[in-house]
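**Student:** First to last, the protein sequences are chains F and U.
Start counting the first sequence at 1; every next residue gets the next number (the working numbering).
Start counting the second sequence at 1001; every next residue gets the next number (the working numbering).
If you're looking for bench data, these hints aren't it; they were derived computationally from the structure.
Where a beta carbon is used, it is the ideal one built from N, C-alpha and C, also for glycine.
Hints should not be assumed to be uniformly reliable.
[Said to hold, decoys possible] Below 25 Å or equal to it, Euclidean Cα-Cα: the simulated PhoX-like pairs (lysine-lysine) are: (1) F/Lys85 with F/Lys43; (2) F/Lys113 with U/Lys1085; (3) F/Lys109 with F/Lys82; (4) U/Lys1085 with F/Lys164; (5) F/Lys43 with F/Lys113; (6) F/Lys68 with F/Lys85; (7) F/Lys113 with F/Lys85; (8) F/Lys41 with F/Lys113; (9) U/Lys1085 with F/Lys109.
[Said to hold, decoys possible] Here are some chain F residues the structure puts well away from chain U; computed CB gaps all over 10 Å: (10) Asp44; (11) Asn66; (12) Asp140; (13) Lys164; (14) Phe200; (15) Ile230.
[Claimed, not checked] Going by beta-carbon spacing under 8 Å, a handful of chain F positions derived as facing chain U: (16) Pro123; (17) Ala126; (18) Ile127; (19) Glu128; (20) Gln131; (21) Asp195; (22) Phe197; (23) Val199.
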Amino acid sequence: MLVSVYRYNPEIDDAPYMQDIQIDIPGGKDIMVLDLLHLLKEKDTSMTFRRSCREGVCGSDGLNMNGKNGLACITPLSEVVKNDKLVLRPLPGLPVIRDLVVDMGQFYKQYEKIKPFLINDTPAPAIERLQTPEERAELDGLYECILCACCSTSCPSFWWNPDKFVGPSGLLQAYRFLADSRDTATNERLAELDDPFSVFRCHGIMNCVNVCPKGLNPTKAIGKIRNMLISRAT
Amino acid sequence: MVTSVTSFGRSGLYDWMMQRVTAVVLAAYTIFMIGYMLLNPELDYNQWSALFEGTAMRIFTLLTLLSLVAHAWIGMWSISTDYIKPTGIRFVFQSACGLLAFVYVVWGIQILWGV
């Protein structure tokens, strides 16, 4: 099969280019895209990409595979290869450091902005802050986010305003803390989001839902934040 | 909190809500107009001007005109902040949209009360 990989080494190359590599998959097996990347690296050791857990938990190997973002380690070739061809690019919209490695600074900055930790100004109990099973269930579909950035980098609103729009990942996390019964900073959190960019740049095109490797739904979380803002302000 | 002084209502929630409320007004006016024309296929000048002489129709039309301007402002502002990155050009574009909106309001009022 033919693999076309985005290559860019700022120390050598003047501009990024696509490198076409013909490769035979040993035994014709349906391997993961990450395994394919390792085969490519055996051919050309300068090939650079991030990976760690190789089982869809760490979120390091987010890539754009044939136009769709996803985690290379849990995406089988059969799912993405079209006409025996695979185009591999770094996550769109973020600055490229080298080859498939992007600078996630802007993404983490937005995450930092939503204060991703519990804020509770009441005196801490002796053991722990308890939740009812129902209160805990509110966090399902929110806490599972692994910050791989597949969603935010598939979002045009994030491409155009990565410094102002929090992005689907950050907003999913923002709602995770808004929905937490143990958090008391709901008002302060909402006040931080009530501007024309942070939340409202989302136009609900649901690219984020389409690509999330964990099957989460940031658009739904954004809708819930919007509802909280409405009930707080009307 | 991202600050912004050129957006319609300075608040994201306010802009979002205005966009939806004005959309409902625009939809209602569009449906009314299409319905009126379908029900009156033999429409002539006298009937048309009589329609717009009524106070209710003038209120409805002016409301629609103002809704259109607010709706367009919020939309054009969003587009300009997405796609026009140099601040100077973006500000000129936004100012031009604002000026055009103002011209349309004055012109619209003139037409509406001129029939």
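**Student:** Are the hints correct? Go through all of them and say.
**Tutor:** Cross-check of the supplied hints:
Annotation: proposed proximity of F/Lys85 to F/Lys43 holds, straight-line Cα distance about 18 Å (limit 25 Å). With a C-alpha separation of about 23 Å, the suggested pair F/Lys113 and U/Lys1085 falls inside the 25 Å cut-off, and the hint holds. For a cut-off of 25 Å, the pair hint linking F/Lys109 to F/Lys82 is broken: about 36 Å separates their Cα positions. For the hint linking U/Lys1085 to F/Lys164, the alpha-carbon distance of about 13 Å falls within 25 Å, and the restraint holds.
Proposed proximity of F/Lys43 and F/Lys113 is contradicted: the alpha carbons are some 42 Å apart, above 25 Å. With a C-alpha separation of about 14 Å, the suggested pair F/Lys68 and F/Lys85 falls inside the 25 Å cut-off, and the hint holds. Straight-line distance between C-alpha atoms of F/Lys113 and F/Lys85 comes to about 40 Å, which puts the hinted pair past the 25 Å bound. Restraint check: the Cα-Cα separation between F/Lys41 and F/Lys113 comes to about 37 Å, which exceeds 25 Å; the hinted pair is violated.
The straight-line distance between the Cα atoms of U/Lys1085 and F/Lys109 is roughly 20 Å, inside the 25 Å bound, and the hint therefore holds. Taking the minimum C-beta to C-beta distance to chain U, about 36 Å, the non-interface status of F/Asp44 holds against the 10 Å cut. The claim that F/Asn66 is not at the interface with chain U holds, since no C-beta of that chain comes within 10 Å of its own (minimum 26 Å). No beta-carbon of chain U comes within 10 Å of the beta-carbon of F/Asp140; the shortest separation is about 27 Å.
With a least CB separation of 5 Å from chain U, F/Lys164 falls inside the 10 Å interface cut-off, contrary to its annotation. The Cβ of F/Phe200 sits about 4 Å from the closest Cβ of chain U, inside the 10 Å cut-off, so the non-interface label is violated. Distance check on F/Ile230: its Cβ comes as close as 7 Å (rounded) to a Cβ of chain U, failing to clear the 10 Å threshold; non-interface status is violated. Annotation: interface hint on F/Pro123 violated; nearest CB of chain U at approximately 29 Å, more than 8 Å.
Of the supplied interface hints, the one on F/Ala126 is violated, with its beta-carbon coming no nearer than about 37 Å to a beta-carbon of chain U, more than 8 Å. Nearest Cβ of chain U to the Cβ of F/Ile127: about 36 Å, over the 8 Å cut. The hint is violated. The criterion of a C-beta within 8 Å of any C-beta in chain U is not met by F/Glu128, whose closest approach is roughly 32 Å, and the hint is violated. For the restraint placing F/Gln131 at the interface with chain U, the shortest Cβ-Cβ distance is roughly 29 Å, beyond the 8 Å limit, so the hint is violated.
About 5 Å separates the beta-carbon of F/Asp195 from the nearest beta-carbon of chain U, less than 8 Å, and the hint is met. For F/Phe197, the shortest C-beta to C-beta distance to chain U is roughly 4 Å, which falls under 8 Å, so the interface hint holds. Annotation: F/Val199 was flagged as interfacial toward chain U, and the flag holds, the nearest CB pair being 6 Å apart, inside 8 Å.
Figure legend: structure checked against the earlier numbered hints; hints not met, in rising order: 3, 5, 7, 8, 13, 14, 15, 16, 17, 18, 19, 20.
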